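Asker: The sequence shown begins at 1 in UniProt numbering and counts up one residue at a time.
If you're looking for bench data, these hints aren't it; they were derived computationally from the structure.
Computed from a predicted structure; not experimentally measured.
A hint or two may mislead.
Pairs of lysine-lysine residues, derived as DSS-like cross-links and limited to a Cα-Cα distance of at most 30 angstroms, are as follows [said to hold, decoys possible]:
no., residue 1, residue 2
1, K72, K130
2, K131, K164
3, K174, K131
4, K108, K121
5, K174, K190
6, K131, K190
7, K77, K228
8, K164, K108
9, K41, K16
10, K174, K164
11, K121, K164
12, K108, K131
13, K174, K113
14, K121, K228
15, K228, K174
16, K113, K131
17, K121, K131
18, K41, K121
If you anchor each label on the Cβ, the simulated ranges turn out as follows [to be verified]:
no., residue 1, residue 2, range
19, S89, R175, 49 to 55 angstroms
20, K190, E117, 19 to 25 angstroms
21, G183, G218, 51 to 57 angstroms
22, T172, G138, 45 to 51 angstroms
23, T39, G171, 44 to 50 angstroms
Cβ coordinates follow ideal geometry from the N, Cα and C atoms, glycine included.
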Amino acid sequence: MYRVAICDDEEIFLAKMQNLVQEIFNELGIEFQIDTFSTAKALMQTLDADPSRYQILLLDILMDQNGVQFAKELRGKGHHEVGIVFVTSAKEYSLEGYSVFPIHYLTKPVQKKQLAEVLIKDYRQNFRAKKIVLPLSGGCQILLADDIHYIELLNRTVIFHLAKGDVSIPGTLKRLEPRLPQGVFLRCHKSFAVNINKIQGLSPDGFRLLSGVTVPIGRAYRQESLQKMIAHFHGG
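Can you build the whole structure from these sequences, using the hints too?
Answerer: Structure (structure tokens):
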């Protein structure tokens, strides 16, 4: 499900944007969810509790907290995967905003055609493309990369660890790796690959995930995996 958050302190605009997004996805037959926020603080609290909840944020630049400053704080906390679209009537903020790598700028009043182009492009490039198709006996199963916390190899069985349970298929990590979305999974051990967006920190035993699980780092993978993690969280 493609999840959108809209943040604006003007209730009328908030309702209009919600209606536009609903119309666009309903017309395309895309499964979606929209959450609206009238304050940046409420949105940040939601993202702190669930960093991967949204695929895209539609942020008013001139809300209670400057939208660009909010986005900088968001990126500083390691929320690099969520797409940011600034909605503004104040073009003077545009150059400052590019430091947080927004997907796009939309000018009020927002036109449905322009909004649709932004949403459809992000959906196709950054959401639909990050699916993993697993062959199963008699069919297949599709997993969203963002739902996977880490992948484990155990006795020639690949186990995908998700918040709602595990999915297993016969195979090896070596054969699976080329089919994984680029830039999402970090091979850190001969038997483990971790979703880099689920990493909360580093402990002596390995990567500590948001779920509380610690995934080990193998000696042969340590230097490269740490370099990739640092580059990711510093926007490199």
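Asker: The structure should be examined with respect to each hint, and the outcome stated for every one.
Answerer: Hint-by-hint comparison with the structure:
{"no.": "1", "hint": "K72 <-> K130", "in the structure": "holds, 25 angstroms"}
{"no.": "2", "hint": "K131 <-> K164", "in the structure": "holds, 17 angstroms"}
{"no.": "3", "hint": "K174 <-> K131", "in the structure": "holds, 18 angstroms"}
{"no.": "4", "hint": "K108 <-> K121", "in the structure": "holds, 20 angstroms"}
{"no.": "5", "hint": "K174 <-> K190", "in the structure": "holds, 9 angstroms"}
{"no.": "6", "hint": "K131 <-> K190", "in the structure": "holds, 23 angstroms"}
{"no.": "7", "hint": "K77 <-> K228", "in the structure": "holds, 17 angstroms"}
{"no.": "8", "hint": "K164 <-> K108", "in the structure": "violated, 40 angstroms"}
{"no.": "9", "hint": "K41 <-> K16", "in the structure": "holds, 21 angstroms"}
{"no.": "10", "hint": "K174 <-> K164", "in the structure": "holds, 25 angstroms"}
{"no.": "11", "hint": "K121 <-> K164", "in the structure": "holds, 29 angstroms"}
{"no.": "12", "hint": "K108 <-> K131", "in the structure": "violated, 34 angstroms"}
{"no.": "13", "hint": "K174 <-> K113", "in the structure": "violated, 43 angstroms"}
{"no.": "14", "hint": "K121 <-> K228", "in the structure": "holds, 27 angstroms"}
{"no.": "15", "hint": "K228 <-> K174", "in the structure": "holds, 19 angstroms"}
{"no.": "16", "hint": "K113 <-> K131", "in the structure": "holds, 27 angstroms"}
{"no.": "17", "hint": "K121 <-> K131", "in the structure": "holds, 16 angstroms"}
{"no.": "18", "hint": "K41 <-> K121", "in the structure": "holds, 28 angstroms"}
{"no.": "19", "hint": "S89 <-> R175: 49 to 55 angstroms", "in the structure": "holds, 52 angstroms"}
{"no.": "20", "hint": "K190 <-> E117: 19 to 25 angstroms", "in the structure": "violated, 44 angstroms"}
{"no.": "21", "hint": "G183 <-> G218: 51 to 57 angstroms", "in the structure": "violated, 21 angstroms"}
{"no.": "22", "hint": "T172 <-> G138: 45 to 51 angstroms", "in the structure": "violated, 22 angstroms"}
{"no.": "23", "hint": "T39 <-> G171: 44 to 50 angstroms", "in the structure": "holds, 47 angstroms"}
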